[in-house]
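Asker: As you go down the protein sequences, you meet chains A and D in turn.
Taking our numbering, I'd label the letters of the first sequence as residues -3 to 406.
Taking our numbering, I'd label the letters of the second sequence as residues -3 to 406.
Simulated from the structure, these hints should not be mistaken for lab results.
Check each hint, because a few of them may be wrong.
[As the list claims (entries may be wrong)] When the alpha-carbon atoms are kept at most 25 angstroms apart in a straight line, the in silico SDA-like pairs for lysine to any residue are as follows: (1) A:K292 / D:K395; (2) D:K129 / A:S312; (3) D:K398 / A:K395; (4) A:K395 / D:K323; (5) A:K398 / D:K395; (6) A:K292 / D:K323; (7) D:K15 / D:P266.
[As the list claims (entries may be wrong)] Which chain D residues stay away from chain A? Per the calculated CB distances, all over 10 angstroms, these: (8) L(-1); (9) R12; (10) N193; (11) R325; (12) E329; (13) S404.
Cβ coordinates follow ideal geometry from the N, Cα and C atoms, glycine included.
Number of protein chains: 2
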Amino acid sequence: MLLLKLTQVESSLEDRVVKKEHWDQLINREGVGFFDLPNRVSLWKAADKRAAEIKESFRKLVVLGIGGSSLGGRTLLAALAPASKDVEFIENVDPCSWQRRVEALGDLSQVHFVVVSKSGSTMETLSVTCAIKEVLISKSLFKNHCFTVVSDAGSNPLTEWARQNDIRELHIPSDIGGRFSVFTAVGLLPAAFAGINLEKLRAGGSWALQNQEFQLQLASALYLSFSELKKSITVLWSYSDDLLTFGLWFQQLWAESLAKTVDRKNLKAPWVSTPLPLVGTNDQHSVLQQVAEGTKDKFALFLEVASFTSMGPKISEPTFRGLEFMKGRKLGELLQAEALATRQALSGYGVPTAVLQIEELSPECLGALIMSTQLAVGLIGEIMEINAYDQPGVELGKKLAKKLLAESER
Amino acid sequence: MLLLKLTQVESSLEDRVVKKEHWDQLINREGVGFFDLPNRVSLWKAADKRAAEIKESFRKLVVLGIGGSSLGGRTLLAALAPASKDVEFIENVDPCSWQRRVEALGDLSQVHFVVVSKSGSTMETLSVTCAIKEVLISKSLFKNHCFTVVSDAGSNPLTEWARQNDIRELHIPSDIGGRFSVFTAVGLLPAAFAGINLEKLRAGGSWALQNQEFQLQLASALYLSFSELKKSITVLWSYSDDLLTFGLWFQQLWAESLAKTVDRKNLKAPWVSTPLPLVGTNDQHSVLQQVAEGTKDKFALFLEVASFTSMGPKISEPTFRGLEFMKGRKLGELLQAEALATRQALSGYGVPTAVLQIEELSPECLGALIMSTQLAVGLIGEIMEINAYDQPGVELGKKLAKKLLAESER
């Protein structure tokens, strides 16, 4: 399903510093349950059922959510149903893009809105929901069955609204944080609506759980790249356009989970690298120069799709001088050759790299990939002895924004 | 048009270390002409004229190009014509996305292809062009007037093909490198086809050239953030969905131009930071935790659009408990308040920031923004005494990829 190859010159990445004891710590940690999600079958069935119900009355599903409330669904859609026009995501409070996106939805009577917020109080999502609700009211289209709420089961501004207005709720289990919620209704409801096979996705997640040795190896290599090799930037270089969003999802998962001021003992937390998602071959034409010739502060994990080698159109007639080497080749072969050549070139520059290979862009492989990276980040949190499940650094800005708006003149 | 505010606690960023002498060096450097493009009126008129000609026979324009050959056009389209469906970009040799994108083009007899490569030998672009040519041939739709070639005026694989097949060419001047080519046919032809006013864009570019003091200030602040404050990551945090692509364009411009092994004297080149493009408010929900609480290795330049404050729907009825502060507020006000609050929060964490404010998302402002950032990067190249116009670090991978494909069995 997945394969990790350590290709770099630095043999230290092969050490297995993340061990069974960290795994045990992780799965016994109170209030942390993301790794158990593949076993909670009823949750997957509920998402499938709700998607089918919505489909009976609506042609399009629009997710209103931001960060962990949208990136999981966006990742699944981009990788597994990239041609789908049935699901859209409205995240930001950008006034230009909001207007354009709402207009582009067309006939709003055909649109079902899924409002997603774990805390139920995310001010962007609540504001966007208000604005859309007012558009629906102005067109006499506001009805409670146009909405589904996905949130914590407890009482919060979003669930209170749902309960007062008889709006259907799906719940994010209390032991699942926002950025670890892709295998709850957050990711699964839009995925099911777009026709993605949840059972196969779940099987991939289970594979990851059953391959503990692989997870310890992946976590060790990623951990050592910054703790031992002191690389301050972790490049996730995906050789697939459809994995670009996965890169953004991984960026959030890594950045919010691992960058902390203090550890679990309230002492200064260990240093961690910053994630930088890139796409190949595109970013060979933009950022490769810096990775190769800039400061040697980067470790690059190449994410490659094995099946691509035999895919794409075959070039019968290379047409251009100097392109003879492409005669009889498929486009996918060129992509793979460039990935390999880029890694070799980086090795020549002394930049350590590794490859995470997935068999194909299938629900099973995506399920395995997503669960493996969640486990890697969770395991790194254990070896760093930090709380990988809070985000104190984002709270201050939220409070300040409310204060600014409350105090300023209207 | 543009405004730069230094908001961080570090007063050292206010030093004007980039001076008139660096400006003079830049504009007198042989073979470097990007700053002169706003004065080359005939080039802008040629792009407008060619766009009009293509429009007479085709409904859609597809750019085949990668890196500097696509990012400039993509930046203009995303910021100034984001709703346009008339222009598409096919960049990568990803076999999945290639297939899907070509199928989505619909009636190929209505599509004009613009093949862009400064060197005329970019293997991804030539391969994609071959593949599309073979699709057109299979449908008996291949005709020379379906293509325009944008390249260097000299003889290269792309222009040779154009000349042999009587395909129209537009030229990138010899003193303009790929990543500095947005104000040539590379960016201007797709922009004109989408209806963007080139004359206003050009006026914005001219504004930037005429405001030398502003450019020295911008270049100084950006340069000092890594040379003096030793920040290894330069965050460009755009508070506009439509400036996301500008961030990717800036990332390329910075990374390829400034990260060099050796300087102009062939001595070890100075250290430079790595660019990280983010979007607000989205990335407050993903990367802010790391910027705030992670290692203090970041400088953040906030890119804000002043006109947004009065834009977007007004929230009449905040609906949700805790959202009362939004009553009577526009969505754009929330975006701006969040940008300001995030900067204040980062200051509290000791992260230095600055704001680059543009008046509005207009052709004039985009022209000024693009030229200002090009000038800043060029000026930083001068003070670093490096060649900001080559990219030796990307050549090795290209050679290796060709070798791999040539040597492997078919």
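Asker: Now look at each hint and say whether the structure bears it out.
Answerer: Verification of the supplied hints:
no.: 1; hint: A:K292 / D:K395; result: holds (22 angstroms)
no.: 2; hint: D:K129 / A:S312; result: holds (11 angstroms)
no.: 3; hint: D:K398 / A:K395; result: violated (54 angstroms)
no.: 4; hint: A:K395 / D:K323; result: holds (17 angstroms)
no.: 5; hint: A:K398 / D:K395; result: violated (54 angstroms)
no.: 6; hint: A:K292 / D:K323; result: violated (50 angstroms)
no.: 7; hint: D:K15 / D:P266; result: holds (18 angstroms)
no.: 8; hint: L(-1); result: holds (20 angstroms)
no.: 9; hint: R12; result: holds (26 angstroms)
no.: 10; hint: N193; result: holds (18 angstroms)
no.: 11; hint: R325; result: violated (6 angstroms)
no.: 12; hint: E329; result: violated (7 angstroms)
no.: 13; hint: S404; result: violated (8 angstroms)
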